[in-house]
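Peer 1: Going line by line, the protein sequences match chains D and Y.
Per my numbering, the first sequence starts with residue 2, numbered consecutively.
Per my numbering, the second sequence starts with residue 2, numbered consecutively.
Just to be clear, a hint being listed does not mean it is correct.
Remember, identical chains collapse to one label, so a pair may be satisfied in a single copy or spanning two.
The calculated PhoX-like cross-link candidates involving lysine-lysine, where the alpha carbons are at most 25 Å apart (straight line), are [said to hold, decoys possible]:
#1 Lys138 <-> Lys3
#2 Lys138 <-> Lys23
#3 Lys138 <-> Lys121
#4 Lys29 <-> Lys91
#5 Lys40 <-> Lys144
#6 Lys138 <-> Lys40
#7 Lys91 <-> Lys3
#8 Lys23 <-> Lys121
#9 Lys23 <-> Lys91
#10 Lys91 <-> Lys121
#11 Lys138 <-> Lys204
#12 Lys23 <-> Lys144
#13 Lys176 <-> Lys3
What the hints contain is simulated information worked out from the structure, not anything from laboratory work.
Protein chains: 2
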Amino acid sequence: MKLYDGGRAPNPRRVTVFLAEKGIEVEKVPVDMGQMEHKSAEVTGLNPLQTLPVLVLDDGTVITESVAICRYFEELHPEPVLMGTDARDKAIVEMWNRRMELNFLGPVAAAFRHTHPAMKEWEVPQLAEWGEVNRPKALAFLKLLDLELAGREFIAGDRYTIADITGMIAFDFMKPARIERPDQLANVMRWYQSVAARPSAAK
Amino acid sequence: MKLYDGGRAPNPRRVTVFLAEKGIEVEKVPVDMGQMEHKSAEVTGLNPLQTLPVLVLDDGTVITESVAICRYFEELHPEPVLMGTDARDKAIVEMWNRRMELNFLGPVAAAFRHTHPAMKEWEVPQLAEWGEVNRPKALAFLKLLDLELAGREFIAGDRYTIADITGMIAFDFMKPARIERPDQLANVMRWYQSVAARPSAAK
């Protein structure tokens, strides 16, 4: 098994942190996205969408999409549980992971890709106005999240899950996206400091 | 259990088709999105993000996000399997469902929301340029999908799955989004005609 990895870019990092939480080691093939290596013939042959990460199983099966890769490992190595226990809990974790993607990581990534000068070659056409629209969307969601986190420790309940990984990585990605950290949201900040202090976050 | 339903809008319809494929009946609370009822105090109280559908369990647990609702039913009623069998198959279905969302339903919805006059109140600010950028993105993905579908019957393999539901609904949504149907993509058209002929598609 081999994991074509894009380093600290948000989606590759989601899988890296997930694997660190599970204590799973996978052989990695580093791909330098700064050098556009994710558009190489080798990566394109595995994933015509040219996104990372890409997991190649020993039988040659190719799995792309961070959460699909996480699900593969969750099914094979359930402990520690990161994607829910029973039907109700799995649904709650999926809901929160998607809420973090659609309302937080997505807007932060859009702000980054559509306003950062380094992204001109990546996001064609780069529409600064679309990037700008997304900054307040991310912050509006964090205000709602702050109310939620008044009543519990982690995003999807009393246990750390994949939704915390998505959220932490989106939060870190606010910096290159030039979105100010919402220091006034005490519950969000307490949650972020807690998840960012885990050993997996150093990955 | 009650399902707050938004009718034929894409996300509510994903759950409706999924339940029809499973043969599951759930009590529905119709919400008229044309009348902005998804912004009512009742719906907002259940889901501050004001999106539909919303599933309320008998114990009061609220599940939002179409795929999270689908996962709840998949876990409780595995047959017919719509989200994968073993670790590898679940990962493949998740990969394809996300590819259909990120590269097809997402761009089609962006084109609709940012260019359709009826969406002016919904998508603030409406950025026509962003809508226009998304039309060719959807079509470029369908070209890749056409190559994939040369070798198999359904999106994620030889079995109908949730990825076919997402794809069919995105395909139908091209019409209001004013994206021309790609009649030249023979494999995509064969796949679409097959999934659109299932009884669940009439929902």
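Peer 1: Hint by hint, say whether it matches the structure.
Peer 2: Structure-based check of all given hints:
1. Lys138 <-> Lys3: Classified as neither; 36 Å inside a copy, 29 Å across copies.
2. Lys138 <-> Lys23: Neither: 32 Å inside a chain and 36 Å across chains, both beyond 25 Å.
3. Lys138 <-> Lys121: both (22 Å within a copy, 17 Å between copies)
4. Lys29 <-> Lys91: between (29 Å within a copy, 22 Å between copies)
5. Lys40 <-> Lys144: between (37 Å within a copy, 18 Å between copies)
6. Lys138 <-> Lys40: between (30 Å within a copy, 17 Å between copies)
7. Lys91 <-> Lys3: The answer is between: 19 Å across copies meets 25 Å, while 27 Å in one copy does not.
8. Lys23 <-> Lys121: neither (36 Å within a copy, 45 Å between copies)
9. Lys23 <-> Lys91: Both: 17 Å inside a chain and 19 Å across chains, each within 25 Å.
10. Lys91 <-> Lys121: neither (38 Å within a copy, 36 Å between copies)
11. Lys138 <-> Lys204: neither (27 Å within a copy, 33 Å between copies)
12. Lys23 <-> Lys144: neither (30 Å within a copy, 37 Å between copies)
13. Lys176 <-> Lys3: This pair counts as neither: shortest intra-copy Cα distance 31 Å, inter-copy 41 Å.
Checked against the numbered hints given earlier, the structure breaks hints 1, 2, 8, 10, 11, 12 and 13 and satisfies all the rest.
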